[in-house]
Structure formats: structure tokens, C-alpha cells
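Using the sequences and the hints given, assemble the complete structure.
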Amino acid sequence: MDRKKTILVVDDELEFLKMIRMRLEANGYEVITATDGKEALDKVKKYKLDAVLLDILLPGMNGLEVLKKIRQDNKDLPVFIITAFSSKERFELANRFNASGFIVKTSDLKQEVENITSFINMADKFKGQRPPAAA
Amino acid sequence: MARKRNSKDHAAAAASRLNEQVEQLKDDFISVVSHELRTPLSIAKEGINLILDGIPGPINAEQARVLKSVKINIDRLVRIINNLLDISKIEAGKLEIRKRLADVADLARQAASSYEAKAVEKKVSLKMDLPAEHFLANVDPDMVIQVITNLLDNAVKFTKEGQIKVSMRECGKHIECSVADTGMGISKEDMPKLFEKFQRFGRANGSSERGMGLGLSIAKRIVEMHGGRISAESEPGRGTKVTFTLPKKV
Chain A
1 MDRKKTILVV
11 DDELEFLKMI
21 RMRLEANGYE
31 VITATDGKEA
41 LDKVKKYKLD
51 AVLLDILLPG
61 MNGLEVLKKI
71 RQDNKDLPVF
81 IITAFSSKER
91 FELANRFNAS
101 GFIVKTSDLK
111 QEVENITSFI
121 NMADKFKGQR
131 PPAAA
Chain B
1 MARKRNSKDH
11 AAAAASRLNE
21 QVEQLKDDFI
31 SVVSHELRTP
41 LSIAKEGINL
51 ILDGIPGPIN
61 AEQARVLKSV
71 KINIDRLVRI
81 INNLLDISKI
91 EAGKLEIRKR
101 LADVADLARQ
111 AASSYEAKAV
121 EKKVSLKMDL
131 PAEHFLANVD
141 PDMVIQVITN
151 LLDNAVKFTK
161 EGQIKVSMRE
171 CGKHIECSVA
181 DTGMGISKED
191 MPKLFEKFQR
201 FGRANGSSER
211 GMGLGLSIAK
221 RIVEMHGGRI
231 SAESEPGRGT
241 KVTFTLPKKV
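For the record, the sequence lines run as chains A and B. For the first sequence, position 36 matches number 36 in the working numbering, and the numbering has no gaps at all. For the second sequence, position 144 matches number 144 in the working numbering, and the numbering has no gaps at all.
It should be emphasised that the hints constitute simulated quantities derived from the structure, not laboratory data. By construction, the Cβ of each residue, glycine as well, lies at the ideal position given by its N, Cα and C atoms. Wrong hints could be hidden among the right ones.
Across the chosen pairs, the derived CB separations fall in these ranges [unchecked claim]:
#1 ARG71(A) x PRO56(B): 12 to 22 Å
#2 ARG3(A) x LYS249(B): 42 to 52 Å
#3 PRO56(B) x GLY60(A): 26 to 36 Å
Spelled out as C-alpha cells, the structure:
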């Protein structure tokens, strides 16, 4: 049996975490949560993750700093930035650190989760299609 | 004399510092309000959506009807907050336009298709008279979509029967886009104030629809920031047509 795909959601809004957890679990995901940057980085190291959903405004280390640190060891892990509003400056900054996509909190999360699923599946497919290393 | 000039320089420097602080406060205000209002709204919206999708368990038809009404109003609140923040950014000179080459016909198609469900719900027909070929212009695509969305929002809001039509044509060095409806129309007296902030004509005319009266004002500012023009013609009881232009790619 295929293992459930695991997503880490990082947000300091506990109620938002509850909602997104329900949505992701209903879509067949295993969900792990973190409420600050340090906890997020610990969990990125500890678990085998298929994607991270990362809020920008976090207490202490902000989301972009967390993304930068994740990218030091995990170039291919899909990381989606969660934001309350769609500031282009933020998008550009996050793109510089190779964010995989954005989730605007007030948008339709059902649709966003479908987009994330497509992205993860594409990333999986791409992995599978990589040519084997030369013997 | 030298002392006098010195004190004038000090006053000017202090005024400039104060000005910078006020600008910074405005920025912080927009950012904080944006985050603090949208986060609880997003939680409320997703909570309703989860229940409507039956994820925590089944609900009956009457409960679904009530929740759909809550959802419509949360979406309305999100639009109001977005408009308020946009107008604040425009007035603070912080709304940046990032132009790139885009097919304006395709942008209109995207904006209009997001209103198909609403039109069906209101039993109004939504027609798109858009060119099959590319209408290219150097624009900020998100903002052009916002302009058309704001026009469609009004059209859907104030049209009880008949049709809404989005059309586009080339007109000399410009691309001309119109959103026409067969709605309640606007009186002659109200027309000069149409693109001003906080003008709510629907309310004055007894419509049950509510808004902040910011959509057209934002649309005008965005169109002008692109070097285009916006205008409207209307006949009370017959409908309204709002037309805007954007410079074509040369």
C-alpha cells in the first residue's frame, strides 16, 4: 500500500492550522504542524515530507528566513508560501528563494489544495523520469 | 541672517522626517490591517467551506442554504477589505504597476469566466464578445483583471434580468473593452460622480445590493496608471455600459 503523503503546515494561527489540517486530511494527507520557524526547521529534519506550507508572518524567524534555511539542504522539497495578502514584493522575494507556489489565505482553499496535489504529483513524476545515474 | 537660515533648514529637515514617519505609518497600517482583517476572515471562510463540503459530517439542505448565505457575505467582506486596501495603496502612491506583454482578450476571458456561476445564479446571461486573436498590450495582467472584475461586479450586482456583455475591439492605437448590462442604470445627476470614491448609487435607488462605492474609482485609477481612459454611458431602467481603453503594444 502506498504511504500517505505528508505535509508540514507552519502557521502561528492555531485556528487556521485546524482548518487547513481538516482540508488536507480530507484529501488523504498526513498532516504535521509547527507554530514557529525553529519548530518548522526541526520537523523538516525529522520527518520525510512531501511538501511544506509556510506562513510568512511567524514569531521570531519569519517565513522567508525559514524558506532560505530549508533550501540550504532541500532544493527540491515543494514549499508553498501562505500569505494573508498578495503583495508582489513578497512574491518576488519568495521566488528568489525558490518557493514552489503561494496560497492566499482568503482564496478558495479547496482549489489551493487541488493545486498543491497536482504540484506534488508532478514533482513525483519528474523524480521517476530522471535518467538513472551512469554505471 | 545665517542663524535664521539655519533654523529654517532645521524646520525643513524636521518636517521631512515627520513626513517620512507618516508615510511609514501608512505603510505599516496597510500591512497590519491587511493581515489582521484577512486572517480571521480566511478562518471563517474555510470553516464554512469545510462544513458545506461535508468534511466534518453531513448537513441538511436548510443548514446548507443558511451557510451559503454566510459564505456569500464573507466573500463580500473580503472584497470590501481588498478594495479599501487598494484605494489606500493608490492614495499613498504605493500601488506599483508591473507591466509585461499580455493578451488583454485572454485577461477579459479569465475575468468573465469567474462570473459565469454568479450570472447563472442571478438568471442573467453573460456574453463574451471577445476576439479569437491576441490583443497584445504592455499591462499589469492582475490589475487589468481587477478592472474588468470590478466592472463585472457592478454589472452582476445591479442587473436583475437580461444580459451582461463583455466586448473588446481595436480602436486606433488603443484596445477598447466594454462591460454592458441591462440593469437599473444610473441617473443623469449621478453620472458625473460615477468614478468618485464612496459613491453608492444602488443604495440611493433602493437596490438591496450594497457596496463601498470603490470599485469604479479603483478601476479608473488603474486604467489611468496604464495610460488609458474610462467612461460610462447609462440610461435609468435600461442599463449601463462602462468602456475603458488601454494603449496597444506598438
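Tested hints:
Separated by about 36 Å at the C-beta atoms, ARG71(A) and PRO56(B) break the suggested range of 12 to 22 Å. Range check, ARG3(A) to LYS249(B): about 50 Å between beta-carbon atoms, so the 42 to 52 Å window is met. Checked against the hint of 26 to 36 Å, the pair PRO56(B) and GLY60(A) passes, with Cβ atoms roughly 33 Å apart.
Consistency with the previously given hints fails for number 1 only.
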